[in-house]
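Participant: For reference, the chains in residue letters:
There are 4 protein chains.
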Amino acid sequence: MTIRALVWNEFIHEQENDIVRGIYPTGIHQAIAQALTEEDGIVAETATLQEPEHGLTQERLDKTDVLIWWGHKAHGAVDDAVVDRVQQRVAEGMGLIVLHSGHFSKIFRRLMGTPCSLRWREAGERARLWVINRNHPIARGVDTAIELQHSEMYGEPFLVPEPMETVFITWYEGGEVFRSGLTYQRGAGRIFYFEPGHETYPIFHNADIRRVLRNAVRWAYNPAEPWKDVSEAPNRPYDQAREKLTPKGPALHKYGEAGYR
Amino acid sequence: MTIRALVWNEFIHEQENDIVRGIYPTGIHQAIAQALTEEDGIVAETATLQEPEHGLTQERLDKTDVLIWWGHKAHGAVDDAVVDRVQQRVAEGMGLIVLHSGHFSKIFRRLMGTPCSLRWREAGERARLWVINRNHPIARGVDTAIELQHSEMYGEPFLVPEPMETVFITWYEGGEVFRSGLTYQRGAGRIFYFEPGHETYPIFHNADIRRVLRNAVRWAYNPAEPWKDVSEAPNRPYDQAREKLTPKGPALHKYGEAGYR
Amino acid sequence: MTIRALVWNEFIHEQENDIVRGIYPTGIHQAIAQALTEEDGIVAETATLQEPEHGLTQERLDKTDVLIWWGHKAHGAVDDAVVDRVQQRVAEGMGLIVLHSGHFSKIFRRLMGTPCSLRWREAGERARLWVINRNHPIARGVDTAIELQHSEMYGEPFLVPEPMETVFITWYEGGEVFRSGLTYQRGAGRIFYFEPGHETYPIFHNADIRRVLRNAVRWAYNPAEPWKDVSEAPNRPYDQAREKLTPKGPALHKYGEAGYR
Amino acid sequence: MTIRALVWNEFIHEQENDIVRGIYPTGIHQAIAQALTEEDGIVAETATLQEPEHGLTQERLDKTDVLIWWGHKAHGAVDDAVVDRVQQRVAEGMGLIVLHSGHFSKIFRRLMGTPCSLRWREAGERARLWVINRNHPIARGVDTAIELQHSEMYGEPFLVPEPMETVFITWYEGGEVFRSGLTYQRGAGRIFYFEPGHETYPIFHNADIRRVLRNAVRWAYNPAEPWKDVSEAPNRPYDQAREKLTPKGPALHKYGEAGYR
Chain A
1 MTIRALVWNE FIHEQENDIV RGIYPTGIHQ AIAQALTEED GIVAETATLQ EPEHGLTQER
61 LDKTDVLIWW GHKAHGAVDD AVVDRVQQRV AEGMGLIVLH SGHFSKIFRR LMGTPCSLRW
121 REAGERARLW VINRNHPIAR GVDTAIELQH SEMYGEPFLV PEPMETVFIT WYEGGEVFRS
181 GLTYQRGAGR IFYFEPGHET YPIFHNADIR RVLRNAVRWA YNPAEPWKDV SEAPNRPYDQ
241 AREKLTPKGP ALHKYGEAGY R
Chain B
1 MTIRALVWNE FIHEQENDIV RGIYPTGIHQ AIAQALTEED GIVAETATLQ EPEHGLTQER
61 LDKTDVLIWW GHKAHGAVDD AVVDRVQQRV AEGMGLIVLH SGHFSKIFRR LMGTPCSLRW
121 REAGERARLW VINRNHPIAR GVDTAIELQH SEMYGEPFLV PEPMETVFIT WYEGGEVFRS
181 GLTYQRGAGR IFYFEPGHET YPIFHNADIR RVLRNAVRWA YNPAEPWKDV SEAPNRPYDQ
241 AREKLTPKGP ALHKYGEAGY R
Chain C
1 MTIRALVWNE FIHEQENDIV RGIYPTGIHQ AIAQALTEED GIVAETATLQ EPEHGLTQER
61 LDKTDVLIWW GHKAHGAVDD AVVDRVQQRV AEGMGLIVLH SGHFSKIFRR LMGTPCSLRW
121 REAGERARLW VINRNHPIAR GVDTAIELQH SEMYGEPFLV PEPMETVFIT WYEGGEVFRS
181 GLTYQRGAGR IFYFEPGHET YPIFHNADIR RVLRNAVRWA YNPAEPWKDV SEAPNRPYDQ
241 AREKLTPKGP ALHKYGEAGY R
Chain D
1 MTIRALVWNE FIHEQENDIV RGIYPTGIHQ AIAQALTEED GIVAETATLQ EPEHGLTQER
61 LDKTDVLIWW GHKAHGAVDD AVVDRVQQRV AEGMGLIVLH SGHFSKIFRR LMGTPCSLRW
121 REAGERARLW VINRNHPIAR GVDTAIELQH SEMYGEPFLV PEPMETVFIT WYEGGEVFRS
181 GLTYQRGAGR IFYFEPGHET YPIFHNADIR RVLRNAVRWA YNPAEPWKDV SEAPNRPYDQ
241 AREKLTPKGP ALHKYGEAGY R
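Residue numbers (the working numbering), protein chains in the order written: chain A, 1 to 261; chain B, 1 to 261; chain C, 1 to 261; chain D, 1 to 261.
Don't take each hint at face value.
Said to hold, decoys possible - Now the stretches of chain A that chain B is said to cover, found in silico as 3 or more residues with beta-carbon under 8 angstroms:
1. 4-16
2. 178-186
Said to hold, decoys possible - One side of the interface only, derived from the structure: several residues of chain D facing chain B at Cβ under 10 angstroms:
3. Thr46
4. Trp130
5. Ile132
6. Pro137
7. Arg140
8. Thr144
9. Ala145
10. Gly155
11. Leu159
12. Tyr172
13. Val177
These are calculated hints, taken from the structure and not from any lab test.
Just so you know, even glycine gets a beta-carbon here, dropped at the ideal spot from N, CA and C.
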């Protein structure tokens, strides 16, 4: 059983900004893909905004077990049809890991149903991610806390639904806190939001962060067959009911008719 | 303190179908508005799909504490800009009660982030809504269960996120079950999904159903000032940090600059 | 509608320690009771460990809408029979607010089912409670954050179940974080855990803390009739079933017999 | 990686009642242990009430990854010290699966913190367990629903906390519903409550039920090292703080002192 991960990156800062390119010469997606494959059990491909259909064709997504998402300045450039496709695949069972500024991506806001807003500051301050449940699969191998010497501050309130589990909470030098590791279940798919990942610091070269990414991919992986018709609302006529049933009363629909959408 | 409710109805079946018109001569919205005002404390207005902006202008929504939503065959006809507006108002603190076939409305699917699909059958069968927590404010005054002699069957799986609270679960004559009363918190707003309400049966004339609607409006009402900037992600520069902070390391943004969206 | 609050305190430090007595000359319970009654709508009585049955007789609890609990060094001295009684009343619908070191009280550990352990440090450090949902009833009237100049540090991991809602998260000068305001529903009763309250600092004289206590009492209040038989598991024999039912197959119990416990 | 399961049974009905003995000649525990080992990956031992320390010594529990619990008429005979031990092991990461009448066991009530009460009827009626999330690991390989020709009715309200996930809901011939498969996380341990299992029907010989039991054991298994000190509340003195800290203000405890419990 090898998990097929796909790392998506908007891949703009690395081409426009010298600092970011210095840290991630081949792009954040390549650094993350490398992190995922440092141990056995995960294969990782990459896709970027610039590719046709942003590299997220139906065929590609159908072969993806877990999608990782990094985006920042071009959320609006992501095609709605592609977002629809990703959302459907999550409902079918594909895992999704949303990183850092991906909090404002179309796909994350779609799946949360909330503004996904927060407070922020780019001052290179110290951050410390406390592990809330050290035996959670996503925290495996991580010590009591992850220390980051430089980080962008993301502060509460973070406008997301109450999570299934709070895995990390971050302390910031400037005085804020943030729920930095949150899990969600949406349809058959598992979602993990992970806050670290500002592009001007070498976050994705940090060994603990890389370990969390691998753990998260394993956690989000659902080995079940994709639930392809998860969005269908089938009519179950009276003669297919599991209990004997005689129709009564008025009806709007004809026998066996499809419903409205 | 009077709660300002607004009952929205797509108002099509009542104009096209004799059975439905027979039950709700002035529309489902009028029956619900009447139910809400049977006791003191709630004033109710109505709005329908056919009105300009579907009767849901910004000004109207700003004066609404709790919005009730009934739609079925014309979900696609609801303008996306109006859905955006409603979603923002929920995040700000407006309550939302989604009824029956509203499970497939744009606004509900947006707020849930899931397909909101289910199984259904229109055979006029018996249904019984069991009260899970009889001391929940929404169940106030309701006995152990609500009996419906005729109902449309809505069956599990119901593709919604795990709720904050399960308030009702329905038993159907044909052998199915359904989580028929579910609460959610999204931003500052409370949401209640309530399954009963098929248009060819006089569901909204049932005293228990009417009581639940009133209870739900009271429960969903948030007396706090609307959180108008709930969707903003403000920059909190280093010199506004609550702890003394000296910027360090490289930065992408200039001092005080707005973030990307 | 006036809410009947009862403030329970083990009342030991105030009698043994000069510093604590200096801050709370008549006991922490009196300071809290005073805070609760600063606005209309709440009446507050007090009870302490030293009274017969710790002041928590059945009669007293039956007249209590919301119980507030402060304990620290004498958790073990609280009689199990009294704890049973309080637990039953919470299931029936009495609200419960557990403060600070009450995390290790018998009643809180009973209701959570987990160790309720945490990390701590008594160094008088600065603490800042960030409001996660500013429109939550418990946060009403509180600004973005509550600043405490001196506090005991309580650090994660905090071994409690995932809450219904995270209302506050605290930042500590020494580098830790803590989920400091958490809500739970247990049976018909609402529970709020609130972290501040170390006895050597004047926490309960702070206006914001006092406001949160009043808010929490209002939030935890359930106006429904107490669910007196909430712990019963009644037999519903076949001839009382809502659907016609013919018994079949072997049975262990005689008709109408009570179940085992 | 082989999961070490331990099946606990009070083992009384099988010795006292001919019907039950006829179905489970060597005890319910043996039938379950056999079910668990029908596929590779799980080894199963058994323990019963009658053994010294009910077969649940510290040493035994320390070697157990997942404990399965069946009890009915002798909940009160289970020693509190053994219950303490099991509860601590769950907090450390041991999985726990509670079956049927185990809803009233000491260990389940302890972990839930609620009355765990329900309604019941022994009339051999038909029951149907609907799968809520067919891609949940616990539902793997199960069709849309599990049909039971004879079952004891367990009806709502079921007085447990809102679960992490609702995996099954049961429909009963007599008109009731029940949340029959519920997951919880408590400390590092995962808990699954599964309703089927009345002793006078051959429930544990049903292939679907046996599959769910195996699935549940795999789901509840936490491969992480046991969190042995999960219940400790260590003092973290100022000079061990991760941020430089100067103590200030009055203190109750001496430097490095242990806290109260």
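Participant: All hints, please: hold or fail.
Facilitator: Okay, the hints, checked on the actual structure:
Coverage of the segment 4-16 of chain A by chain B is violated [criterion: at least 3 residues with CB-CB distance below 8 angstroms; count 1]. For the segment 178-186 of chain A, the proposed coverage by chain B is satisfied: 3 residues have a C-beta within less than 8 angstroms of a C-beta in that chain, meeting the threshold of three. Interface restraint check for D:Thr46: the shortest CB-CB distance to chain B comes to about 34 angstroms, outside 10 angstroms, so the restraint is violated. For D:Trp130, the interface hint holds, the least distance from its beta-carbon to any beta-carbon of chain B being 5 angstroms, beneath 10 angstroms.
The restraint placing D:Ile132 at the interface with chain B holds, with a minimum CB-CB distance near 5 angstroms, inside the 10 angstroms limit. With its C-beta approaching chain B no nearer than about 15 angstroms, D:Pro137 sits outside the 10 angstroms limit, and its interface hint is violated. The beta carbon of D:Arg140 is not positioned within 10 angstroms of any beta carbon in chain B (closest approach about 15 angstroms), and the interface hint is therefore violated. Annotation: D:Thr144 was flagged as interfacial toward chain B, and the flag holds, the nearest CB pair being 9 angstroms apart, inside 10 angstroms.
For D:Ala145, the interface hint holds, the least distance from its beta-carbon to any beta-carbon of chain B being 8 angstroms, beneath 10 angstroms. A least Cβ separation of about 8 angstroms between D:Gly155 and chain B falls short of the 10 angstroms threshold, and the interface hint therefore holds. Nearest Cβ of chain B to the Cβ of D:Leu159: about 9 angstroms, under the 10 angstroms cut. The hint holds. Of the supplied interface hints, the one on D:Tyr172 holds, with its beta-carbon coming within about 8 angstroms of a beta-carbon of chain B, less than 10 angstroms.
Hint status for D:Val177: holds, given a least beta-carbon distance of 5 angstroms to chain B, under 10 angstroms.
Of the numbered hints given earlier, the model fails hints 1, 3, 6 and 7; all others are met.
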